[in-house]
Amino acid sequence: MTEGRFHGTERYVATDDLMMAVNAAVTLGRPLLVKGEPGTGKTQLAEEVAFALNRPFIQWHIKSTVKAQQGLYEYDAVSRLRDSQLGEGRVHDISNYIVKGKLWEAFTADVQPVLLIDEIDKADIEFPNDLLLELDRMEFYVYETRQTVKAHHRPIIIITSNNEKELPDAFLRRCFFHYIRFPDKETMEQIVRVHYPDLKKRLLSEALEAFFEIREAPGLKKRPSTSELLDWIKLLVAEDIPPEALRGDQRKLIPPLYGALLKNEQDVHLFERLLFMSRRKKD
Amino acid sequence: MMTDFFFKLRKASIPVTLTEFLTLLEALHQRVTAHSVEEFYYLARAALIKDERHYDRFDQVFASHFKGLETLFDGLVGANVPLEWLRKLAELTLSEEDQQLIESMGGWEKLMETFAQRMAEQEGRHQGGNKWIGTAGTSPYGAYGYNPEGIRIGQDQSRHRRAVKVWDRREFRNLDDTVELGTRNIKVALRRLRRFAREGAAEELDLDDTIRSTARNAGWLDLKMVPERHNAVKVLLFLDVGGSMDDHVRACEELFSAARSEFKHLEYFYFHNMVYEGLWKDNRRRHTEKIDTLTVLHTFTRDYKLILVGDATMSPYEITYPGGSVEHFNPEAGDVWMSRLLAAWPRAIWLNPQSSNRWSYIPSIQMVRELMSDRMYPLTLEGLEQGIRALQQLR
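Which chain is which? The protein sequence lines are A and B, in order.
Take 1 as the starting number for the first sequence in this note's numbering and just add one per residue.
Take 1001 as the starting number for the second sequence in this note's numbering and just add one per residue.
Watch out, some of these pointers could steer you wrong.
Stated by the list, open to error - What follows is a list of derived Cβ distance ranges for each label pair:
(1) Lys1281(B) to Lys201(A): 52 to 60 Å
(2) Arg137(A) to Met1001(B): 27 to 35 Å
(3) Asp110(A) to Ser1213(B): 33 to 41 Å
(4) Ala1232(B) to Glu265(A): 29 to 37 Å
(5) Phe1300(B) to Gln147(A): 52 to 60 Å
(6) Asn96(A) to Met1001(B): 57 to 65 Å
(7) Arg1031(B) to Thr65(A): 37 to 45 Å
(8) Arg1010(B) to Asn96(A): 48 to 56 Å
(9) Arg1358(B) to Glu126(A): 36 to 44 Å
Everything labelled a hint here was simulated from the structure, so no lab data went into it.
Using N, Cα and C, we set each Cβ at its ideal position, and we do this for glycine too.
Construct the complete structure from the given sequences, taking the supplied hints into account.
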C-alpha cells in the first residue's frame, strides 16, 4: 500500500489534499481531473507523478481542433489512396494505414503509464462525452480492422482543465476531482526553496512579501501566480538585486523587474496608483 | 452514517450521484486513507465534488456532519480497539525508526494506557485546538501516531496550523458561483448561446468528406462541398446606465465586453431605468443622438434574442404612468413599451445586477419581473447560465 504512493517530489511540493486525490485516483484506477488558476502547476503535476512513481509519461495536448477519435486512432485514407495509385502491395492491408493515438499508446504500454490529457476544456464541447466509454472500460474498438484494443494496465490518467468550458456531468462522475488552491505563504516558501535552494533568506522573504502585496492589490485583471513568482525570482537572482530594493517603504516605485509579475498594462498603472496613494497616506 | 452524509449533501443541493458515492465507498474499502478524519475529508471531497464552486457548501455540510463523526471516533477509542489490530496497522505503516520511538516511550501497552487515562481526564467533546488532541488535528489516532501522518506531528511545522479544521476554515468561500467572476467565465456562459449552422450556398470544400468518398470510390475523385459554418445566433443587448446602476458598472462592463467578443450579430442600446420611446448608442451624446425605439423595433427581426440589463430599481411610477420618467416627459408608460419589446422579441430575459435576496423588498423589481413573466436573473455566473438556458428553451 505504501509502495506506489505519491508524496510529491523534490521538485514539486504537493499539499496533503492533492496527495490524497492522486493516491485515490491511482488506487482505484480512475482519471483525476485537476483544475486551478493558471500557473499553479497543473500540467507539471502529471510529469511529477510519472517521475515519482517511475512510470512512462505520455502527454496528449488538447487543442480546439482535436477530436476524441484522434486519441484512439486515425485511418490515414490519403496515404492509402496514394499507395493505391502507385500500385503498392501494402495497400491491401488496411491495418498499415491505422495510425495509433495517444490513448492506444497508453493502453498497450508494457508498464502502467501516466497519461496526461492537457487542457481538456479547449476541445469541442462533445469531446469528453466521446471518451466516456474508453475511459470507463479502458478499451475501444477499431472498426477498420475489427479488433478490440484493451488496456494491459489501467493507465494513470490525469486531466487538466482551465474552466473555459463546463464538462459534462457524466464525465465528471467518473473522475476524481481536485482544485489546486493558490498556495499560502508557507507553502509558497517551500515551493521557492525547492526551486532555488541557495536563495538568501532575506531576499526570499522580501520577494514573497512584495509578491503577495501585488497579488492582494484589489482589482487586478490578471493576478500573478506561482510560475510568475518563480520567473521573477530567477530574474532577481540573475540581476543580483539586493533584498533592500524590494522593501516597501524604501522602494521608490513598483518592484524591480515587475514585468515578470504584471502582464497587463492596466494592472501596472493600477498598481502604481495604489502605491502612490498608500505613500501619500503615510506622509 | 455514510448514507446520511450522502443525503445531507444532496439536500445542500450539491449534485452528488450514487456512482460517486460508490466510488468513495470503494476507496474506503481499498484503504486509501489511513484512518484520519482529515484524510477522509480530502478523499470524500476528491470523490464527491466535481466543481470548486461546491467546495464551500461541501465544507459546511462536512462540518455539521463531522460533529457526529467526532463522537464516533471517541466511541472507537473508548471501546478499546483490539491491540493486535493496531499493531498490525502500525507494522504496515510505520518505519523501523518510528517503531523504536514508540518502544522507547514504553511500548504499546503503556501508550494505550496513558491514552485511555488522558481520554478519561478530558471532559466533554474535544475541540481541534486543545492539549489532548489539538496538535493532532482532529484524530485521536493521529495524536498518538498510529499512522505515518500522526507520527510526524510536532515535527512538521506546517501541521500545527491545522488546529482549525480544514473544512471549518471555509477557504473556498469566494469560489461559490453566486459571486461575479471575470469576463472569461462570462464568455463561457454566453458561449452556450452559440448555435452553429451551415446556411447558404455550398461553397467550401469539405476535405474530409472528399477524401473519404474518393477513397471509398477506389480512387476516383469525388468532390464534396459544404456551406461555411458560422455562429447564427443574434443578440440585442439593452443596458441600463447611470443613477443606481453606477454601483454595478464593473459587472455590466464585464458582461458587455464578453458579449461583444462572443457574438458576431450583437446590437446594443442604452436606456435609463426603463425603456421609453428613445434609446441611444453613445452615452455622452445621449440627449442629442437618440434613436427611436420604434425604429429599433422594426429594424431587428424576431429571431434576435433580447437581453435587458438593469437593476430595475426605480419609482413604480416610472413603470406604470405616462410622464413618470425621472428624466423627461414620456407620453407612454414604461410597461407599454416593455410589452412592445416583448411582442417584437419574445425570446427575452432581464439580468439584474442587484443581489437577488433584495429583490422582494423593491416593488419596482417585482413589477418588472412580472412584466418579464419571471424571466429575471441575477447578474452572476449562475444567474447568467440560468438565463441563457431560459433563452434557449424559448422557441
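Outcome of the hint check:
A hinted range of 52 to 60 Å holds for the C-beta pair Lys1281(B) and Lys201(A), which are about 58 Å apart. Range check, Arg137(A) to Met1001(B): about 32 Å between beta-carbon atoms, so the 27 to 35 Å window is met. Between Asp110(A) and Ser1213(B) the beta carbon distance is about 40 Å. The supplied range of 33 to 41 Å therefore holds. Checking the proposed 29 to 37 Å range against Ala1232(B) and Glu265(A) shows it holds: the Cβ atoms sit about 36 Å from each other.
Between Phe1300(B) and Gln147(A) the CB atoms are about 56 Å apart, so this pair conforms to the stated range of 52 to 60 Å. Separation of Asn96(A) from Met1001(B) is about 58 Å and conforms to the stated range, judged on CB atoms against 57 to 65 Å. In this structure the hint that Arg1031(B) and Thr65(A) lie 37 to 45 Å apart at CB holds, the actual value being about 43 Å. A C-beta distance of roughly 53 Å is found between Arg1010(B) and Asn96(A), which places it inside the suggested range of 48 to 56 Å.
For the pair Arg1358(B) and Glu126(A), the supplied restraint of 36 to 44 Å holds, since their beta-carbon distance comes to about 40 Å.
Hint compliance for this structure: every hint is met.
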